Amino acid sequence: MTDKANLNTNLKRRHFLLTAGVGGVGAAAAVVAVRSTGDAASATDVTAKSEKGGYRMTEHIANYYRTARV
Amino acid sequence: MARMKFICDAERCIECNGCVTACKNEHEVPWGVNRRRVVTINDGVPGERSMSVACMHCSDAPCMAVCPVDCFYRTDEGVVLHDKDLCIGCGYCFYACPFGAPQFPQAGAFGLRGKMDKCTFCAGGPEKNASEDEFRKYGRNRLAEGKLPLCAEVCSTKALLGGDADVLADIYRQRVTTRGKGADIWGWSTAYGKPDAPAQQPDAGGKS
Chain A
1 MTDKANLNTN LKRRHFLLTA GVGGVGAAAA VVAVRSTGDA ASATDVTAKS EKGGYRMTEH
61 IANYYRTARV
Chain B
1001 MARMKFICDA ERCIECNGCV TACKNEHEVP WGVNRRRVVT INDGVPGERS MSVACMHCSD
1061 APCMAVCPVD CFYRTDEGVV LHDKDLCIGC GYCFYACPFG APQFPQAGAF GLRGKMDKCT
1121 FCAGGPEKNA SEDEFRKYGR NRLAEGKLPL CAEVCSTKAL LGGDADVLAD IYRQRVTTRG
1181 KGADIWGWST AYGKPDAPAQ QPDAGGKS
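Which chain is which? The protein sequence lines are A and B, in order.
Quick note on numbering: this note's numbering labels position 42 of the first sequence as 42, and the sequence is numbered without any gaps.
Quick note on numbering: this note's numbering labels position 65 of the second sequence as 1065, and the sequence is numbered without any gaps.
No lab work stands behind these hints: they were computed from the structure.
Predicted model only: the values in this text are computed from it and were never measured.
Check the hints yourself; a few may be wrong.
Covered stretches of chain B (in silico footprint by chain A; criterion: 3 or more residues with CB under 8 Å from a CB of chain A, positions within the stretch not fixed) [as the list claims (entries may be wrong)]: (1) 1068 to 1077; (2) 1081 to 1092; (3) 1142 to 1152.
Just so you know, even glycine gets a beta-carbon here, dropped at the ideal spot from N, CA and C.
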């Protein structure tokens, strides 16, 4: 009887450890996925920023170059 | 792709500090930080020269090389920018920079300097263009507005030039070939009124 009770206790502990281990791995994977998605998003933002907000020849800039040639 | 550069024509700079004032006002730079300043060589001696100096946005920037947290990056236009969220204020960039461009809002021992601040070529930072965060950390993003750095635009004698390096090189080359050197460049009309402006030539026969 005592041995059987010990066996049940050991099995319960194993199940608990197994559950905790699987849960931990799952949580870590979720964090990594979120972080990688964030990095990709920020990289996309930087690319988009350089495409839409960089230097371009405008009338204002052309006027500056013209006056600087004095 | 255009490459952004500053160039200061030392023959024209009159040390008015208009570029310094305009920069501080435009970006609301905190007290004690000067992103741009005017340096005078041989001050008070005949032949003195003044130059407006800030971050030169080096092609091989030493600040980028020494930064331990790699917070610097270069845009497609060659502007060297940094991320203040990553900067730890160690000051290595300050020691590496030959122009003294990196500035720190506080004076103190290691870790007490605050985030580094420097000229951004009026190109903001990694935040969203024209956002509140970008202005608070880096100042205005004039490049995104289709403009050039204000310091260059307000320069009264057009000594400080900023913009596409190819265009600036053409402008500077034209100036040098027009004004000559030595005594030829004394006085604006003497330097720039000669070649193709005969109406501005003095008609006195005494000079020849």
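Quick rundown of the hints versus the structure:
1. 1068 to 1077: holds (count 3)
2. 1081 to 1092: Not satisfied, violated; 0 residues make the cut.
3. 1142 to 1152: holds (count 6)
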